[in-house]
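If you read the sequences in order, they're chains A and B. Taking the numbering used here, the leading residue of the first sequence gets 1, the next gets one more, and so forth. Taking the numbering used here, the leading residue of the second sequence gets 1, the next gets one more, and so forth.
Hints in this document: simulated from the structure, not taken from any laboratory. Please read these numbers as outputs of a predicted model, since none were measured by experiment. It cannot be assumed that every hint is accurate.
What follows is a set of in silico ranges between Cβ atoms, one per label pair, in the way DEER data are often shown [said to hold, decoys possible]:
#1 Arg320/B x Leu272/A: 51 to 57 angstroms
#2 Ala206/B x Gly115/A: 41 to 47 angstroms
#3 Pro126/A x Pro146/B: 29 to 35 angstroms
#4 Ala269/A x Ala206/B: 29 to 35 angstroms
#5 Met211/A x Phe135/B: 28 to 34 angstroms
#6 Met211/A x Leu315/B: 25 to 31 angstroms
The C-beta atom is built at its ideal place from N, Cα and C for all residues, glycine as well.
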Amino acid sequence: MALFLQQVFNGIMLGSTYAIVALGLTLVFGILHIPNFAHGHLYMLGAYIGFFLMTLYGFGFWTALIASMIILALVGMLVERIVYRPLQNRPVINSFISAVGALMILETGVIVLWGPQGRRIPNPYPGIVDLLGITMTWQRLLVILVAIVLIILLQIFIKKTTVGTTIEAVAQNREGAMLVGINVNWVFSLTFAISTATAAAAACLVAPIFMISPTMGALLGMKAFVIVILGGLGSIPGAILGGYILGLLEAIGGGYLSAAYKDVYAFGALILILSIRPTGLFGREVS
Amino acid sequence: MPAIRFLLKKWFYVLLLVLAMALPFLITNRYYFQIVIMGCLFSITTLSLNLILGYTGQASLAHAGFFGIGSYGVALMTKSGISFWLALPLSALFAALIGFLIGLPTLRTRGSYFAIATLCFGVIVSIVAGSWIEFTGGYTGLVGVPHPTPLPLPLIGVIGFETQTAQYYLVLAFLLLTLLVMHRLVYSHLGLSFMAIRNNEALAEAVGVNTFAGKILSFVVANFFAGLAGGIYASLVGSISPSTASIDLTFSWLVYLLLGGAATLAGPIIGAFVIPVIMEYLQFLQEYRLIIFGALLIAVIIYFPRGLMGGFSTLQQRVREFYGQRRGVKHAVRS
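Please put together the full structure from these sequences, using the hints given.
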């Protein structure tokens, strides 16, 4: 029982990061229909920037996290401007190929600059809590809590603020949004900035728990896509729920079945579910 | 004489073929020759990727996965004593069969969904290749895969494949076979229906094209040739590992295809030869290789979506228009 609860706890922790990353991706992929395949790689870049701010420039954990979010927001806007905006009116497959180019640059760029070896961020909250026979570190609890706060803040931003509603307006009808005076290009930039900043936050939060390496983003990015597709394109609750479900599935499957195949579950589930519902579990028809 | 007339009309292709046949006598450096052999092999994979991506418009990112299935198939079968000439078609057919089974669910989706689903399958193949240790040797892979079994031919005698020259002719023969099949396919009614699916799937469906069957057929044929190339690779190189099925390989074929020119027959071959050769000359940039590839990929897809071949035909058209105008001016002056 204790083992099971331990796996559930780890699953929720893992699921929290998946939920934040998938949430950022669903804004860009689900709402703006840009297949930002480099999302996981931007997450990786966020972890590296946090790492260097802390180890080289002596930033504290929280200041490094916020600085990394700001830097990644700017990088996200740059990526949108260079990689995706020129392809706005072309077939989606072109954006996808452009995204593959972007992720090759990001991953190799980090390898060339900082080497392929893994690095570890010093843990700011190394304390341990024992509860119901499960061992929890404060850092892991923190990941869960901050994820919830971030999700709520983002939800309020999109639903309650004027700037947030422009994103939904552009998603619903681009021409209509232009007619009522929304600067569509600016909304695209803003959405990218939010999406990559949340990825950076997730990356900095889990960096003290896992190693950071140039390849850490590739699998995570794919999992985020799987979550977004299964959760329904553009559905924010779908992305959050999907993130937690996948985290639990991996932790429990990895603990009881086989750890070597833990990445196969998510991808296998996607192919399996697409064979039953080609538009995802809660998906709408896409053109 | 129709044969001579045919030769005269197609003199360029005949010249290319003669050049390709004479290549072993022109290149003496073993290292460079190996690059040429790999160029031929990756031409096969890029050509087959071109069928599903360039002509049918479905971005399959599982191509290296099927290449890996073919290579593991041949490696396992030939190591257990089965002749290469039986193992190769069996492995390619197995890759095609897996392609059919994967295509059934994934091809019902469209656009990015298909790309992501196939990417997931590609990753699954490389994880299984790395983790199923008893069967695939895990991350160290399989070593000591025998060279192709000597082939007894009537009149000529027995051909062995121990020398580089013989291996080159073997790959060249398969490249020509691939090219022939692709040519026949693309310039048939089926090929037209593939392009109709690419250009507008709903419209193709409306005019009576069975779009799902078309996509499945294109995917299966593409994966057959990917598996074939993988099988030849395993036998020539002699050792394979999960990196044989890695996404990086798919990405480099994607670069060859798009830089060479998607939806042309010459483009993939030009890409598969020109880019590795250029990279050989830029050895000092080795570690920046993927950065350059990535930047090229973005620039090409934005500014030259039809690649080198597309750029070439645009240029040709411009030149023709330019001369046409001048001739027009001359006529006007004369009259």
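* To do: Taking the numbered hints from earlier one at a time, note which ones the structure violates and give those numbers from smallest to largest.
  => Of the numbered hints given earlier, those the structure breaks are 2, 3 and 6, listed in rising order.
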